[in-house]
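Peer 1: Using my numbering, the first residue of the sequence shown is number 25, and each one after it goes up by one.
By construction, these hints were calculated from the structure, which means they are not laboratory data.
You can trust all of the hints, since none of them are fake.
Cβ pair distances, simulated, as ranges: (1) K418 to K388: 17 to 25 angstroms; (2) V50 to K388: 37 to 45 angstroms; (3) K166 to K364: 47 to 55 angstroms; (4) N433 to N29: 17 to 25 angstroms; (5) K388 to Q221: 43 to 51 angstroms.
Subject to a maximum C-alpha distance of 25 angstroms in a straight line, what follows is the list of computed DMTMM-like cross-link-like pairs (lysine to aspartate or glutamate): (6) K311 to D287; (7) K271 to E45; (8) K40 to E30; (9) K285 to E257.
Treat the numbers as computed from the prediction; the structure is a model and nothing was measured.
Beta carbons are placed, not taken as given, at the ideal position from N, Cα and C, and that holds for glycine.
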Amino acid sequence: MKSYNEALKILKKSSKQISHEVIKSVNSLNRISSSNIYTQNNYPSDNNTSLDGFAINFNNTKGISKKNFKKFKIVGSISAGSKPYKKILKKNEAIEIMTGGIMPNGSNSIIPIEDCTLSEEGNDRYILIKKTYKKFENVRLKGSDYKSKDLVIKKNTLINSNHIKAFKALGIENIRVKQKINVVYFSTGMEITEKNQIATWKVRNSNHHYLKSLNNNFLFNFKNLGILRDNDENKFYKNLLKILKSKTHIIITSGAISAGKFDFIPNVLKKFKLSHSFKNILIRPGKPILFAKFEGKPKVIFGLPGNPISTAACFRFFIFPYIRNILGLNTEAPIKARLKNTFSKKKNFTRFAKSKLSTTKDGKLEVVILKGQESFRIKPFVNSNIWTLLPTGKSKFKKGEIVDCFFPNHSNQTLI
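All chains should be modelled from the sequences, with the hints used to inform the complete structure.
Peer 2: Right, here's the structure in full:
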């Protein structure tokens, strides 16, 4: 049997990068940028005020003090969103201006409204200034955040909500992204059912709905192709023939891949020309996992074990790395945490352990490996919030050791 790392190398060799499409930037959440994205606009687009106050020329405040104050005539008012003031501000003139308002010509500093004393002389209004101000005080300068042609995000970036806010603010309407991966899924087994009220010898199809729920977090389109029964070997073969002519990228099955009487998936696959394949990996849970690439086709198949936690673990640590490869993403960086309890495993196996990540009072990450690691147990999976990956070559992990952790339901990509 191959090790987990050997399996990852096979997945990488078998991957072929996917094509691109242009979409609206506001619809790009969880997509991958196909190229560097630059802004064509300055941000801010012009000098504007960061607060409510009065726009003046700072040179006119030189020599001012509490004992030697100066009055400035208020000659107009500017609100955020209004057109720029047409006239040039003259000496000892001020314009009332609201947050976000464009600085009038001849001004270069903003006096906060709370620093001003107002006075009136006839029909004229004035502000009394009792200290000097610096140039561009309380001013947001044109292009101080982004200048035209600045890089916003790099190629192969996983787009999040922060990026979408920037795209909209910068006027980036359309972007080029990797196409979404198309995944089809088959459940297998006489015991599997989509019904809720079931006999004790039946099993609800939790794997189907778990994988479907991940499609937005892990960048794929998901289509369920139903349940294959133990006598459906020919039906599965005919389905594969159709899928190989479709736009599907990844075929996933759960169950029927081991060495039992009704485990027909491997027998069907022998009828096809395959490459870069493996079956049975030194891992827990999920040892009987199967993978193969169809020769001459940009399509692969993953045969996952039927146990619910084995399916979850194998998706996270085999299918998702494959998806990252074909999307051109870098290898994920693990979260490093200190182990809170001792744990033992078989030395030559890689172990994916249901775990709970938390922080100490002084801000350090720590993780506890939960009881109940058997692949049929759902309760500890519900109580977990992280996978701990315990590598091959070591059997005992002591309390206090640093271990690698991975989020179960979304990528670690946002941390690097």
